[in-house]
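Mind docking chain B on chain A? Use the hints.
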Amino acid sequence: MAGRPEGGVPRQTSRKPAPAMTTNPILTITNLSVSVRGEEGSREVVSNLSLALARGETLCIAGESGSGKSMTALAIMQLLPQPAARISAGSIHLADTDLTTLDERRMRHIRGDRIAMIFQEPMTSLNPVLSIGRQLTESIEAHTSLSPTQARRRAIEALIAVRISEAESRLRQFPHELSGGMRQRVMIAMALALEPDVLIADEPTTALDVTVQGEVLELLRDLQKKHGTSVILITHDMGVVAEMADRVIIMRHGRMVEEGKTSDIFARPRADYTRELLAAVPRIGSGVGRQASKEIAEAAMPANVADVKDLHVRFDLHGGIFGQVTRRVHAVEGVSFSIAPNETLALVGESGCGKSTTAKALAGLVPYSGDIVVGGRNLSGLGRDERKAVRRDVQMIFQDPFASLDPRMRVGDLVAEPLLIHGIASKQERRERVAALFDRVGLSSDQMELYPHEFSGGQRQRVCIARALALRPKLIIADESVSALDVSVQARVLDLLKELQREFGVAYLFISHDMAVVENISDRVAVMYLGQIVEMGTRDQVFSNPRHPYTRRLIEAVPVPDPTRRRSRFARLDQEIPSATRRIGEAPLKLALSDVGDGHLVAAEG
Amino acid sequence: MTSPIAPDLAATARMPLKPRAGVWRRLVQRRLALLGLVIVAVVVAGAILAPWLTGYDPNEQMFDGLTIEGSPLPPNAKFWLGTDLLGRDLLTRILYGARTSLIIGIVANGIALFIGTLVGVTAGYFRGWVGSVLMRFTDLMMAFPALLLAICLAAVFQPSLWIVAMVIALVNWVQTARVIYTETSSLAEREFIDAERTIGASAPRILFRHILPHLLPTIIVWGTLGISTTVLLEATLSFLGIGVQPPTASWGNIIFENQTYFQAAPWLVFFPGAAILALALAFNLIGDALRDILDPTQRGRA
Numbered sequence: 001m002a003g004r005p006e007g008g009v010p011r012q013t014s015r016k017p018a019p020a021m022t023t024n025p026i027l028t029i030t031n032l033s034v035s036v037r038g039e040e041g042s043r044e045v046v047s048n049l050s051l052a053l054a055r056g057e058t059l060c061i062a063g064e065s066g067s068g069k070s071m072t073a074l075a076i077m078q079l080l081p082q083p084a085a086r087i088s089a090g091s092i093h094l095a096d097t098d099l100t101t102l103d104e105r106r107m108r109h110i111r112g113d114r115i116a117m118i119f120q121e122p123m124t125s126l127n128p129v130l131s132i133g134r135q136l137t138e139s140i141e142a143h144t145s146l147s148p149t150q151a152r153r154r155a156i157e158a159l160i161a162v163r164i165s166e167a168e169s170r171l172r173q174f175p176h177e178l179s180g181g182m183r184q185r186v187m188i189a190m191a192l193a194l195e196p197d198v199l200i201a202d203e204p205t206t207a208l209d210v211t212v213q214g215e216v217l218e219l220l221r222d223l224q225k226k227h228g229t230s231v232i233l234i235t236h237d238m239g240v241v242a243e244m245a246d247r248v249i250i251m252r253h254g255r256m257v258e259e260g261k262t263s264d265i266f267a268r269p270r271a272d273y274t275r276e277l278l279a280a281v282p283r284i285g286s287g288v289g290r291q292a293s294k295e296i297a298e299a300a301m302p303a304n305v306a307d308v309k310d311l312h313v314r315f316d317l318h319g320g321i322f323g324q325v326t327r328r329v330h331a332v333e334g335v336s337f338s339i340a341p342n343e344t345l346a347l348v349g350e351s352g353c354g355k356s357t358t359a360k361a362l363a364g365l366v367p368y369s370g371d372i373v374v375g376g377r378n379l380s381g382l383g384r385d386e387r388k389a390v391r392r393d394v395q396m397i398f399q400d401p402f403a404s405l406d407p408r409m410r411v412g413d414l415v416a417e418p419l420l421i422h423g424i425a426s427k428q429e430r431r432e433r434v435a436a437l438f439d440r441v442g443l444s445s446d447q448m449e450l451y452p453h454e455f456s457g458g459q460r461q462r463v464c465i466a467r468a469l470a471l472r473p474k475l476i477i478a479d480e481s482v483s484a485l486d487v488s489v490q491a492r493v494l495d496l497l498k499e500l501q502r503e504f505g506v507a508y509l510f511i512s513h514d515m516a517v518v519e520n521i522s523d524r525v526a527v528m529y530l531g532q533i534v535e536m537g538t539r540d541q542v543f544s545n546p547r548h549p550y551t552r553r554l555i556e557a558v559p560v561p562d563p564t565r566r567r568s569r570f571a572r573l574d575q576e577i578p579s580a581t582r583r584i585g586e587a588p589l590k591l592a593l594s595d596v597g598d599g600h601l602v603a604a605e606g
Numbered sequence: 001m002t003s004p005i006a007p008d009l010a011a012t013a014r015m016p017l018k019p020r021a022g023v024w025r026r027l028v029q030r031r032l033a034l035l036g037l038v039i040v041a042v043v044v045a046g047a048i049l050a051p052w053l054t055g056y057d058p059n060e061q062m063f064d065g066l067t068i069e070g071s072p073l074p075p076n077a078k079f080w081l082g083t084d085l086l087g088r089d090l091l092t093r094i095l096y097g098a099r100t101s102l103i104i105g106i107v108a109n110g111i112a113l114f115i116g117t118l119v120g121v122t123a124g125y126f127r128g129w130v131g132s133v134l135m136r137f138t139d140l141m142m143a144f145p146a147l148l149l150a151i152c153l154a155a156v157f158q159p160s161l162w163i164v165a166m167v168i169a170l171v172n173w174v175q176t177a178r179v180i181y182t183e184t185s186s187l188a189e190r191e192f193i194d195a196e197r198t199i200g201a202s203a204p205r206i207l208f209r210h211i212l213p214h215l216l217p218t219i220i221v222w223g224t225l226g227i228s229t230t231v232l233l234e235a236t237l238s239f240l241g242i243g244v245q246p247p248t249a250s251w252g253n254i255i256f257e258n259q260t261y262f263q264a265a266p267w268l269v270f271f272p273g274a275a276i277l278a279l280a281l282a283f284n285l286i287g288d289a290l291r292d293i294l295d296p297t298q299r300g301r302a
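First to last, the sequence lines map onto chains A and B. Just so you know, we're using our numbering here: the first sequence kicks off at 1 and counts up by one. Just so you know, we're using our numbering here: the second sequence kicks off at 1 and counts up by one.
Looking at chain A on its own, in the form it has when it is part of the complex:
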């Protein structure tokens, strides 16, 4: 393969299946440093990184945010954000070509053709106004001398290879007509259509639901086996690493912390940081030690903090010439549950299942029908002021702590704001209370004068927690509150939430898509699917004895952070999850929940 012409000459030789695992590495990075010019001068985001990627190998680069893993990928592609970031030292060799010395025109021939990349968010990396077919054939035609008809055939082959049904008619579809998983598969098809030597996948499944994630990972693995492509997989998820990697590089602050075979890293991590990282990963089957706090709660306070009965949330979609309601999104369809003091109820499900909408209805952010009773008072029967008073008892922590804090206010004022709004305490007392809250959530009280952007993600989420706690609510809704955090930070925030529960006796409605996290924190679990609860019970009932097929699939699909338990097949969806949008008059079938013992409720299969 050596001595291949660089540039736009179409490759004929490489269409043969590549030999598996030769000793010659396909990609070699030597002493690579990337620096970014910022306000305080230049800063290294990747320092002195060296690695070699063998043919047919899967190398995972794992690390938390800011570890420089994505910058490494962009450096290989020569796509570093201009003009701030540049390669300050080192070389990147693709076979015998040094990519760092190539000009943009020659690099363009390499990109897509010999090194392809797939990104995290498949919606934003596809052009929304061009059809799938157009985008696929465009890249094929750009890099080969195939005729349009041949390019089209190649595109269809690529779609079939990524297991997309009705490939031919899909070519005419637009990105928004496909689901997230489908879109990511199209991205993979695009990347692999030209049979590159190296595929760089930057968090390819992070934006996907867990059941879809398994499918995409499996697909990547199969395709790699078939074509002998070398894969660099960039991820923060140790579960994905364990499922996929031959070799792992752990990065932190731009430096390589540890490198080794996957089994070695998981079994015998040498670096302290690796050990911490692995210890912080939530695992299904490790959620113990919560029973103690629960018993106290049941003894102390008998009444529920919140009861939700037959909750419906529907959004009207207007259409037609006169803008009449033609269809409705049935986001939440008859959900009922109750939460006891000091209890954590987890609401799990995949995107679009209505879990966040349920939370929003409870927090008073969307109109609903049905009954929500907080502290014994039904919200729908109350006036504005009374409702405001009752709402004090329900506070919410959002997913993205940066988006949920007003960037133009000081964090001290933000935490004091709920007190101010409800007219609690004098100015001086408020200050003291806020300082105490800061203390309690692990921030220092002189950070009160700072603005949200001056904090890290985990600290910002602590600010949000302090804010939610300020009114001493009885119920805190945590909507994916730890999903956006790095695992080590996530573990600490979860611990904080548990401590606060013991201390204040607050109940949590914990909404998450991450089964491992849910198992770690919850007392009871409710699984939602298409706006309805399909299974509900204590944590042990749901996790040790999942009865509904959807629950089972959800639990099975979670990548296990243990390379010895690697699966060859992931749980597969029989079909795409149907849409929650329905025509007027076509209400979805209401699922009946039946008790299978000790309050373990399961919906009949339908």
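Don't read these hints as lab results, they were simulated from the structure. Note that CB positions come from ideal geometry on N, CA and C, so glycine has one too. All the given hints hold, so there is nothing to weed out.
Okay, the calculated bits of chain A under chain B, using three or more residues with CB under 8 Å as the criterion:
{"id": "1", "stretch": "362-373"}
{"id": "2", "stretch": "413-422"}
To give an idea of the interface, some chain B residues facing chain A are shown, with a C-beta separation under 8 Å as derived from the structure:
{"id": "3", "residue": "R190"}
{"id": "4", "residue": "E191"}
{"id": "5", "residue": "F192"}
{"id": "6", "residue": "D194"}
{"id": "7", "residue": "R197"}
{"id": "8", "residue": "A201"}
{"id": "9", "residue": "H210"}
{"id": "10", "residue": "P213"}
{"id": "11", "residue": "P296"}
{"id": "12", "residue": "T297"}
Showing chain B alone in chain A's frame:
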């Protein structure tokens, strides 16, 4: 729980600059903003002190202000900026014209900005039928030729400087409202607004404390852009005889009176044009600096 250790002391020790208290000081620390302030100060001073700064009457048609052939004089030792077609001293007219133009550029533009922001924010935040009614009305105003509307309004009322200012305000708020509406509706979708609602914040509180500060950059940009548009709109109205009545000078009508002689006497257009430009630029510089100073995420940047 532990009691906080003198939070005020700790805070002041960490943060050398208080945000609001130091706005003025930080404004004058910036060279460009200072330049803007100086220009505005010069214009204001010129407008107020006009009678003492020049020995001529703005409306006096001087015999020696024209050549023998009757054409205006270029800048010279006697008339620093030259004279106009009727032999009036241009510098004097520009100084007196500053009074009119400042009122139009600041008062009329300010009122337009205020109405536009109010309509835009209300429509953008509340949506529903309130938003629809307001925005359809705005669209209607946009579709209606502004000049025609101004002519109608000016015909109903007796033309005077203040009426002209009101007419200009009533015509000029529309674009601001559109832009502010779009921004508000996207802000209202942001998660921190939801977060405010969950802690029980009232609509006025959300609007004034959380949405308005984010709109400041846009408001400032539209405010400075509006200065030149309104000054020129006043000139247009004057030209049509429904603005400030001649012989009263305004920067706009000086340009309009003389634009046909641009090639023969370029200074007649150049100097008042430069004055409008300088004023707009000055406000732009101040606005730019203000935007950065008021945005905490920009703190510490040059």
